[in-house]
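Numbering (UniProt numbering), first residue to last: 1 to 863.
Hint data in this document are derived by calculation from the structure and do not stem from the laboratory.
All C-beta atoms in this analysis are idealised placements derived from N, C-alpha and C, irrespective of residue type, glycine included.
Check before you lean on any hint, since a few could be wrong.
[To be verified] Just the calculated beta-carbon pair ranges, DEER-fashion: (1) Leu813 - Thr654: 39 to 47 Å; (2) Glu767 - Gly323: 42 to 50 Å; (3) Asp94 - Gly323: 25 to 33 Å; (4) Asp599 - Arg657: 38 to 46 Å; (5) Phe240 - Leu157: 48 to 56 Å; (6) Glu767 - Lys598: 52 to 60 Å; (7) Thr654 - Gly341: 41 to 49 Å.
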Amino acid sequence: MSETTTPTTEPQQLVVVGGGMVARRLVDALRARDDAGRWAVTLLCEEPRAPYDRVALTSYFTGRHPEDLALGGQELWDDPLVTLRRGVRAESIDREARTVTTSTGQVLPYDSLVLATGSYAAVPPVPGKDLRGAFVYRTIDDVADLREFVETRREELDRPVRGAVVGGGLLGLEAAGALRALEVETTVVEFAPRLMPLQVDEGGGEGLKRLIEGLGVSVRTSTATSKIVGERGAVSRMRFSEGPSLDVDVVVFAVGVRPRDELAREAGLEIGERGGVVVDDACATADPAIHAIGEVACIGGRCLGLVAPGYTMAEIVADRLLGGAGTFPGADLSTKLKLLGVDVASFGDAFAQEPGSLEVVISDPVAGVYKKLVMSDDARTLRGGILVGDASAYSSLRPMVGRELGGDPAAYLLPEGAAAAPAGDLPDEAAVCSCNNVTAGEIRCAVGEGGCTDLAGVKACTRAGTSCGSCLPLVKKLVTSELAASGVEVSSALCEHFEQSRAQLFDIVRVQGLRTFSEIIERHGTGRGCDICKPVIGSILASLGTGHILDGEQAALQDTNDHVMANLQKDGSYSVVPRIPGGEVTPEGLIAIGEVAKDYGLYTKITGGQRIDLFGARMDQLPGIWRRLVDAGFESGHAYGKSLRTVKSCVGSTWCRFGVQDSVGLAIDLELRYRGLRSPHKIKLGVSGCARECAEARGKDVGVIATDHGWNVYVGGNGGFTPKHARLLAEDLDTETLVRTIDRFLMYYVRTADRLQRTAPWVEEHEGGLEAIRAVVMDDSLGIADDLDAAMAAHVGNYRDEWAATLADPDKLARFASFVNAPDAVDDSLAYVGERGQARPATPQERSDESVLIAGTTLEVRS
Numbered sequence: 001m002s003e004t005t006t007p008t009t010e011p012q013q014l015v016v017v018g019g020g021m022v023a024r025r026l027v028d029a030l031r032a033r034d035d036a037g038r039w040a041v042t043l044l045c046e047e048p049r050a051p052y053d054r055v056a057l058t059s060y061f062t063g064r065h066p067e068d069l070a071l072g073g074q075e076l077w078d079d080p081l082v083t084l085r086r087g088v089r090a091e092s093i094d095r096e097a098r099t100v101t102t103s104t105g106q107v108l109p110y111d112s113l114v115l116a117t118g119s120y121a122a123v124p125p126v127p128g129k130d131l132r133g134a135f136v137y138r139t140i141d142d143v144a145d146l147r148e149f150v151e152t153r154r155e156e157l158d159r160p161v162r163g164a165v166v167g168g169g170l171l172g173l174e175a176a177g178a179l180r181a182l183e184v185e186t187t188v189v190e191f192a193p194r195l196m197p198l199q200v201d202e203g204g205g206e207g208l209k210r211l212i213e214g215l216g217v218s219v220r221t222s223t224a225t226s227k228i229v230g231e232r233g234a235v236s237r238m239r240f241s242e243g244p245s246l247d248v249d250v251v252v253f254a255v256g257v258r259p260r261d262e263l264a265r266e267a268g269l270e271i272g273e274r275g276g277v278v279v280d281d282a283c284a285t286a287d288p289a290i291h292a293i294g295e296v297a298c299i300g301g302r303c304l305g306l307v308a309p310g311y312t313m314a315e316i317v318a319d320r321l322l323g324g325a326g327t328f329p330g331a332d333l334s335t336k337l338k339l340l341g342v343d344v345a346s347f348g349d350a351f352a353q354e355p356g357s358l359e360v361v362i363s364d365p366v367a368g369v370y371k372k373l374v375m376s377d378d379a380r381t382l383r384g385g386i387l388v389g390d391a392s393a394y395s396s397l398r399p400m401v402g403r404e405l406g407g408d409p410a411a412y413l414l415p416e417g418a419a420a421a422p423a424g425d426l427p428d429e430a431a432v433c434s435c436n437n438v439t440a441g442e443i444r445c446a447v448g449e450g451g452c453t454d455l456a457g458v459k460a461c462t463r464a465g466t467s468c469g470s471c472l473p474l475v476k477k478l479v480t481s482e483l484a485a486s487g488v489e490v491s492s493a494l495c496e497h498f499e500q501s502r503a504q505l506f507d508i509v510r511v512q513g514l515r516t517f518s519e520i521i522e523r524h525g526t527g528r529g530c531d532i533c534k535p536v537i538g539s540i541l542a543s544l545g546t547g548h549i550l551d552g553e554q555a556a557l558q559d560t561n562d563h564v565m566a567n568l569q570k571d572g573s574y575s576v577v578p579r580i581p582g583g584e585v586t587p588e589g590l591i592a593i594g595e596v597a598k599d600y601g602l603y604t605k606i607t608g609g610q611r612i613d614l615f616g617a618r619m620d621q622l623p624g625i626w627r628r629l630v631d632a633g634f635e636s637g638h639a640y641g642k643s644l645r646t647v648k649s650c651v652g653s654t655w656c657r658f659g660v661q662d663s664v665g666l667a668i669d670l671e672l673r674y675r676g677l678r679s680p681h682k683i684k685l686g687v688s689g690c691a692r693e694c695a696e697a698r699g700k701d702v703g704v705i706a707t708d709h710g711w712n713v714y715v716g717g718n719g720g721f722t723p724k725h726a727r728l729l730a731e732d733l734d735t736e737t738l739v740r741t742i743d744r745f746l747m748y749y750v751r752t753a754d755r756l757q758r759t760a761p762w763v764e765e766h767e768g769g770l771e772a773i774r775a776v777v778m779d780d781s782l783g784i785a786d787d788l789d790a791a792m793a794a795h796v797g798n799y800r801d802e803w804a805a806t807l808a809d810p811d812k813l814a815r816f817a818s819f820v821n822a823p824d825a826v827d828d829s830l831a832y833v834g835e836r837g838q839a840r841p842a843t844p845q846e847r848s849d850e851s852v853l854i855a856g857t858t859l860e861v862r863s
């Protein structure tokens with residue numbers, strides 16, 4: 001967003017009615033371009049929260065909090081030219097006076113008004129639709145009410161809750177996923193002869209049905225609901241026009257949406273034949289002061305129910321408000337979704353409606369895969385396609401619609417052919433990111449003229465890949481190819497001394513059994529090494545279990561912190577962090593840590609990872625501190641290394657009334673299993689005992705959230721400068737499968753990530769993204785699962801505490817002295833100052849004096 005500039009004249013007033021995703025995009029786009037501060041924006045949001053990601057509603061049932069769904073940051077709402085009014089509804093529009101009256105009675109004047117009211121969930125006129133237990137699936141409040149009802153009903157019944165979803169389209173299958181996440185026995189009822197009738201054909205629908213039924217969800221197609229029967233005012237049974245009735249406890253209607261155009265109707269604006277505010281290609285109504293965007297806009301005779309064309313409309317209106325001439329280019333109705341864990345994608349002329357179309361189909365009912373490409377009659381030009389069960393080729397195929405594929409169409413439907421799709425040869429006008437309407441040419445321009453040299457820069461410049469993320473592999477390929485075409489050498493070299501990448505070096509060292517830096521650089525590098533390659537080689541050797549990090553020449557490879565196994569602080573002292581697995585500690589352990597801190601005069605701080613940091617130690621004091629801690633049962637917490645830091649946990653089922661699994665026990669087991677695992681960057685895990693997510697597992701590199709059936713595991717989250725939410729890798733795993741899954745994920749990351757690359761960018765930039773990583777970890781797509789398992793078993797079996805090993809080795813201990821030529825000397829010029837009331841206590845030597853100086857106060861010592 002551009003910096004706010006104080007306008008030279010009074011800004012014009014823009015009122016935006018609606019608080020959804022498209023409304024947020026409009027305000028974002030306008031403020032990013034309005035450097036002169038020409039418009040002041042008021043956003044009327046009927047819901048009691050800021051705009052959120054409605055597409056991700058289902059994730060609410062798998063551990064995400066409502067606030068996690070918020071779009072963008074708070075900075076937009078802190079802008080002095082933007083006013084967000086939550087829980088406020090627009091009641092009427094006075095077009096002549098150009099005012100909007102709100103539900104609070106306030107009258108807001110406008111120079112321009114934008115209707116972004118979206119749509120509401122349609123409910124068929126079925127008798128019994130208003131019974132308790134009948135829901136729609138549209139807002140956070142809807143899903144929260146559904147969840148509360150199911151949990152309450154489960155307590156009332158002595159059997160599983162039974163549910164049904166009326167509607168087998170996109171929204172219906174999302175609702176079915178929500179019920180399944182709530183452990184409800186679920187049936188999908190669809191009036192059409194197949195699921196997702198607007199997106200897939202008969203073959204795709206049949207494949208989708210088989211996949212979903214394989215997940216334990218029943219499917220009834222060609223079925224019309226005739227009545228919902230109640231018992232004591234609550235849903236109890238569904239009856240159909242044909243076929244047997246169905247006993248249910250909860251029903252979710254997901255039969256479609258209708259535009260919320262009542263405000264425009266009352267204001268006398270033109271309404272489309274099937275609803276929606278009629279607008280032209282500039283998204284303007286017949287009233288020049290009023291625009292409509294998103295699902296409420298009827299453009300080209302139809303309302304569009306996808307977020308991508310809504311975003312395009314928002315950008316057009318922002319352009320028009322600032323004097324531009326943007327027009328709606330037409331809607332890309334391509335979709336790629338994961339419904340109930342099943343990949344579904346459709347694009348272009350998916351139903352081969354254009355005359356002379358040729359269909360190329362690959363169907364494997366056993367594997368649950370259906371793929372179809374629609375080609376021109378000469379089998380050269382791509383017109384559209386449908387992918388069910390495996391949509392990995394979607395990002396490469398969709399931009400090629402209307403263009404020649406340049407090869408055998410069937411090759412694009414095979415797993416090995418998907419990677420060969422012509423990513424770098426796309427014409428400039430080809431749409432790469434449909435969510436944000438970014439073309440291949442814009443991405444190339446960001447690299448060639450905008451100076452972007454990596455994926456992160458291109459995302460920030462163009463917004464490509466910042467919404468659903470499905471286009472990221474293609475965006476990365478375009479960036480790489482454009483850098484090369486611009487004469488910029490795209491090198492994966494670790495540094496000037498090694499032409500290989502870190503992942504390549506890891507495999508070289510592992511396969512050839514190399515054990516020293518001298519061997520490695522002699523055989524595969526040049527020169528003497530540097531501050532980049534030495535720590536990387538040291539980490540690789542440590543990951544492969546080649547001994548203590550201070551053994552032999554390995555000691556010279558370590559960064560400062562690893563070299564002394566403590567964290568250097570800005571005053572030249574060090575901090576010491578003992579491991580506290582899962583945050584569980586005994587009273588005796590707490591007392592031991594406190595006594596160490598007291599005797600050595602250390603500042604103590606409880607960290608965000610549920611352990612205690614001791615600050616202010618001199619290097620020569622470290623062995624003594626370690627010995628006290630080791631004798632008390634503690635070990636190195638590896639706070640100094642690029643390795644596992646902590647496994648955070650809540651109190652779990654042992655104490656918490658909401659807990660469904662022993663999160664503390666699992667966290668301790670995981671921390672003890674992965675302690676000391678050296679990696680490209682630090683690793684943090686979290687384990688939550690229920691979906692309330694008190695351990696903040698979704699912000700960790702690996703997060704585990706308990707369910708009634710086991711554990712859900714999320715990967716690729718982290719905090720820091722670029723916080724990321726972890727993404728779901730697998731659901732309802734038993735503990736053994738969970739541990740094996742995490743083993744493989746971490747070891748695969750250790751082997752293949754770049755230098756200092758956290759798991760979040762690694763997952764994002766990995767070829768094929770999370771889907772490819774899931775295939776490696778869960779399905780052994782590369783045939784390396786046994787090797788990854790063995791490598792983790794070797795790590796666990798070979799683990800030794802680095803503090804204890806150092807204390808047992810006189811040669812290593814000799815390193816920890818203030819002065820090499822006077823190991824017993826202490827620098828008396830060092831002055832330690834207490835922090836926040838934690839005064840430095842006297843040392844045992846000082847206690848023997850007649851008086852001691854503590855924090856500037858002389859105290860008399862009396863026997």
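Now for the hints, and whether the structure bears them out:
1. Leu813 - Thr654: 39 to 47 Å: Hint holds: Cβ distance 41 Å, inside 39 to 47 Å.
2. Glu767 - Gly323: 42 to 50 Å: Roughly 43 Å apart at Cβ, these two residues keep to the hinted range, so it holds.
3. Asp94 - Gly323: 25 to 33 Å: holds, 26 Å
4. Asp599 - Arg657: 38 to 46 Å: Holds: the Cβ-Cβ distance is about 41 Å, inside 38 to 46 Å.
5. Phe240 - Leu157: 48 to 56 Å: violated, 24 Å
6. Glu767 - Lys598: 52 to 60 Å: holds, 53 Å
7. Thr654 - Gly341: 41 to 49 Å: violated, 31 Å
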